[in-house]
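Under this note's numbering, the first residue of the sequence shown carries the number 1, and numbering increases by one thereafter.
Be a bit skeptical, because a hint or two may be false.
[What the hints assert, rightly or not] Between beta-carbon pairs, the in silico distance windows are: (1) D89 / Y227: 37 to 47 Å; (2) D248 / A72: 34 to 44 Å; (3) Y214 / V2: 49 to 59 Å.
Don't read these hints as lab results, they were simulated from the structure.
Using N, Cα and C, we set each Cβ at its ideal position, and we do this for glycine too.
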Amino acid sequence: DVEVVQALTRAGFSPDRPLPVYLDLDVGMGRTGIAPGPEAVAVYRAIAAAPGLQAAGLHVYDGHLRQPDPAARLAAADALFAEVVAFRDALQAEGLPVPDLVVGGSPSFPLHRQRPGIRLSPGTFPFWDAGYGALCPELPFQPAAVLVSRVISRPGRGRLCLDLGHKAVAAENPLDQRVRFLNLAVTAWVGQSEEHLVVEVADPDAWPVGSLVYGVPWHICPTTALYQAVVPVMEGACRPAWPVVARDRKLTF
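Produce the complete structure using the sequences and hints provided.
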């Protein structure tokens with residue numbers, strides 16, 4: 001809101017090197033930003049007028065567009081984008097600069113890519129994951145991140161215990177939507193704790209302790225943050241590890 005703009009102004013950024021500021025539009029996520037409308041115009045107007053700030057454009061994240069039917073997802077994206085364009089046009093009609101328009105998450109960016117004058121901002125496509133693979137099977141992406149787990153116990157009754165707990169894979173989804181195994185057919189998901197995942201299989205004797213199991217995370221983004229590094233495999237060979245530097249988050253006071 002305007003109070004945030006005023007706080008940024010008080011931070012004392014130089015007019016000679018202004019801080020680029022985007023207006024985040026809430027188009028349905030309901031978590032950050034402001035809905036398109038007169039109040040949003042007032043905030044953008046304040047950004048453009050503030051000394052030391054530069055109106056950089058609009059940021060529009062539509063991660064709530066998760067319709068399984070691609071046609072329904074496209075219709076929703078078209079309606080949403082029409083509202084955004086009308087808002088941008090209203091800003092420009094006042095003479096306010098809108099140099100950049102950042103639109104689209106991973107499920108929606110293919111729907112926006114033919115639109116002129118925008119910049120796409122998907123985040124999951126480099127690695128992809130099992131969740132978006134199930135939601136958007138029409139998109140031409142293959143998973144590029146695989147977890148390596150081991151059988152560490154066979155607690156009977158057709159069960160296997162793997163070292164794939166909450167510390168090894170994102171666990172915010174239901175138990176059966178945390179990992180998709182590539183070489184293990186799970187008949188029942190029993191439970192998961194910090195360091196263990198217990199599953200039932202039809203052929204437990206085929207999986208002695210120490211057996212390797214490979215799985216694609218359901219949600220790759222928080223899973224990546226659980227690891228200090230990833231090991232790239234290129235042309236069948238392991239290469240030097242890539243550090244995951246973004247996991248070292250800190251609060252700036």
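How the hints compare with the structure:
1. Between D89 and Y227 the CB atoms are about 45 Å apart, so this pair conforms to the stated range of 37 to 47 Å.
2. A C-beta distance of roughly 40 Å is found between D248 and A72, which places it inside the suggested range of 34 to 44 Å.
3. At roughly 52 Å, the beta-carbon separation of Y214 and V2 lies within the given 49 to 59 Å, and the hint holds.
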